[in-house]
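Order-wise, the sequence lines are chains A and B.
Our numbering puts the first residue of the first sequence at 1, with every later residue one more than the last.
Our numbering puts the first residue of the second sequence at 1, with every later residue one more than the last.
Rather than coming from a laboratory, the hints here were simulated on the basis of the structure.
All clues stand as given, with none of them false.
Same chains, same label: a pair holds when it works inside one copy or across any pair of copies.
Under the rule of at most 20 angstroms between Cα atoms (straight-line distance), these lysine to any residue pairs were calculated in the SDA-like manner:
id	residue 1	residue 2
1	K184	T145
2	K184	S162
3	K42	A81
4	K280	L365
5	K42	L76
Listed below, chain by chain, are the residues.
Protein chains: 2
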Amino acid sequence: MEKRIVDTVNALMADKNWEGLRAAVTKLPYPDIAEVLAEVGKTERVLIYRILPRELAAEVAAYLEPDDLHFLIQELSDAEARHLIASLRPDDRTFFLGELPGQVTQHILNLLSPDDLREARELLGYPEHSVGRLMTPEYVAVRPTWTVEQVLGHIRQRGRDSETINTLYVTDERWYLYGAVDLKHIILAAPTAQVSDLMRTPAISLNAFSDQEIAVATMQRHDAFALPVVNTDGVLVGIVTFDDMMDVAQTEATEDFHRAAAIAPLEDVYTATGIVPLVKKRMGWLLGLIIVNLMSSGVIAVFEETLSATIALAFFMPLLIDSGGNIGSQAATMMIRGLVTGDLTLGRWATTLAKEAAVGGLLGLLMGGAAAVLGFYRGGYELALVIGLTMVLMAVMSNLVGAALPFVFKRLRIDPAVASGPLITTVADTVGLVIYFTIARMVLA
Amino acid sequence: MEKRIVDTVNALMADKNWEGLRAAVTKLPYPDIAEVLAEVGKTERVLIYRILPRELAAEVAAYLEPDDLHFLIQELSDAEARHLIASLRPDDRTFFLGELPGQVTQHILNLLSPDDLREARELLGYPEHSVGRLMTPEYVAVRPTWTVEQVLGHIRQRGRDSETINTLYVTDERWYLYGAVDLKHIILAAPTAQVSDLMRTPAISLNAFSDQEIAVATMQRHDAFALPVVNTDGVLVGIVTFDDMMDVAQTEATEDFHRAAAIAPLEDVYTATGIVPLVKKRMGWLLGLIIVNLMSSGVIAVFEETLSATIALAFFMPLLIDSGGNIGSQAATMMIRGLVTGDLTLGRWATTLAKEAAVGGLLGLLMGGAAAVLGFYRGGYELALVIGLTMVLMAVMSNLVGAALPFVFKRLRIDPAVASGPLITTVADTVGLVIYFTIARMVLA
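With the rest of the complex left out, here is chain A (with noise of 0.2 angstroms):
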């Protein structure tokens, strides 16, 4: 959205030309009138968010950052407030409440509607990064045994509320859940076809407790955008909608994003996470790694006489030390998203490991190559052996260690983006620093 809009909006509101300001704002579209909201002064919030229409208000609100949604009740009215947050659909509400001080959402509780503080309470009760935490209960579900023609009239009575009634759910009349069957194939068939007919079961389904994760990978492998959730009795108690799930594989990715730097997740976005809780977030590793690195310390400490023999051997440690990281860091980057994606599996460790192997080695002769250049150059023919042959050997290995941490960490249970650059630099350094001394020893003796 561009700047202009708020602006029209500010000088609107200077005119105090209401009706023009009702008639600017309601064309806009949701997020865009969400990002006014967010974006002009807390006097003129409220003032903008009371000419909505009240219908378009709901929707808008469902837009809002859960920041900003605060303020906007705090300064409502407490009737304004009820009527804002039973607006909100069950699953914006929920995630909207989850995101609050525990305080905060016992006061916005105490606004909802007995029925809606049922349905809050209930969503809040799944674990965090569930299925239940996205799920709403606002779909239609229908009868095997009843007809085209039923099927219409129940939508016409119950569909005005759903998030969706693009696929509807086929459930007994326990609510367990059978199969599902989509609108067009509804409005397609004979008004005396039964749903018996057109359904496709059994139903591609979640479970509530379910991580968030296994709901993306299940949409995106059944290229569904809306999945049925059941409990653990396979009762239909809720479905999930691909929105919310854009928003998981967003959030997902940053994570992986962040522990692939050495970075431990953060609780919200960067823009509204603070120093302290930062430095926090990021120490960890840092410190960590320190400890890892006496390692590299202590073989240089060993081999204090070959380097006090030919200093320009320490020219070139930076260079061998920070290349050693880098195919390293490739090779694992690779390995954890192919992993992530599917497109890698534990079981494939050896094939794998085996081309990485000849991937290792041919960059190694390429860089190695490069490298005994620049160690003729500085040195002579003998560091030009010792740095070419280094960065070979150093290549395969670091290769090695980057593309195997991975499928180790996956085997053991733990997340494989563990295996960071920075901590697979700080691994190859050592071996790397072992190899190059060892060989000028050898050749420069």
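Fit chain B to the known structure of chain A by using the hints.
For chain B alone, kept in the frame of chain A given last:
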């Protein structure tokens, strides 16, 4: 899918139990059948495909990888292959044809009916990674003046071949896109209500020549599971659906992960990429960074005397180099991810760098303290002072370099993900070594 399904299939085939085989396979979800086809031998693949009911066979084909589909087509008769390709959804067909070598594409295009051929040619005419490549022309369009009754009649006539009828698109007689209306609102409205009263205008739409990343972002922003695609005149030319968007989002994320580790984006998934292409995608940055690393070698050469005088300084080189690289990579990763997800914008560079200066300072104090203790044990007070002080300054500098580079690249319209861990590490090294030896010369002189 568990291994035993493939085993069951193979056992049934060995027994020549065709009825049992058909029963066992057809009851599986589409993606599982596709997996069975991909995992059994070539002869078995054709056999299993042939026993599938026609409609099911078409659905399953959409889930096959381009390579597997290609093998299948080669084994089938021309008539069977024609039916298979004709039964694919246009967007799946375009993707499949775009993945094959040009000659093969031509052979397959020759199998198509004139209508399908025109359609395939048109879709292939859009640039790679453009929205046009993902769109399907299988949607239902309605006119603003139609009544609900007319719309339902039109759907029954045209909807059978549509990928989705959950949203209908409203156009004038020249196919200029006016708005969109959800099937839900059609079903719930009175039979005499007019489309113009139910539709939302203007419709959120995509340009066929836009990058697919824009489509993903627009879908995510508007929580839309399908979006209409228009040409530059605003004429409706197709729709894109969320399932293709989720695939695009996953591919983009993989590319970003690879870039973060200094790997050029692969054309295909890792397991489908050979050793030589892998080497090519990885060697560019590895060799380039060797050149950049010459700066570090140069710095050490300049300070050769300082190093010779106190060889213990070499012990801590890996520690300082790695720590600077780690902290810089952390900062760069957070910025890159923030810029990709939209949490950060270019305009926020000043506040963000100020925040990172503070974070870097605090991390530096923690790491400097830890490093000073190690320095003391190895070389007494003076070395402790050098190591500790270097670590503090280097942490702040590396953190700022890591945080600033993604903004610089973004400003220069280069993908900020180019500020990869390996690049940051190499740059941070040179800065770190200058700081290290300068302090060492002052303190130890």
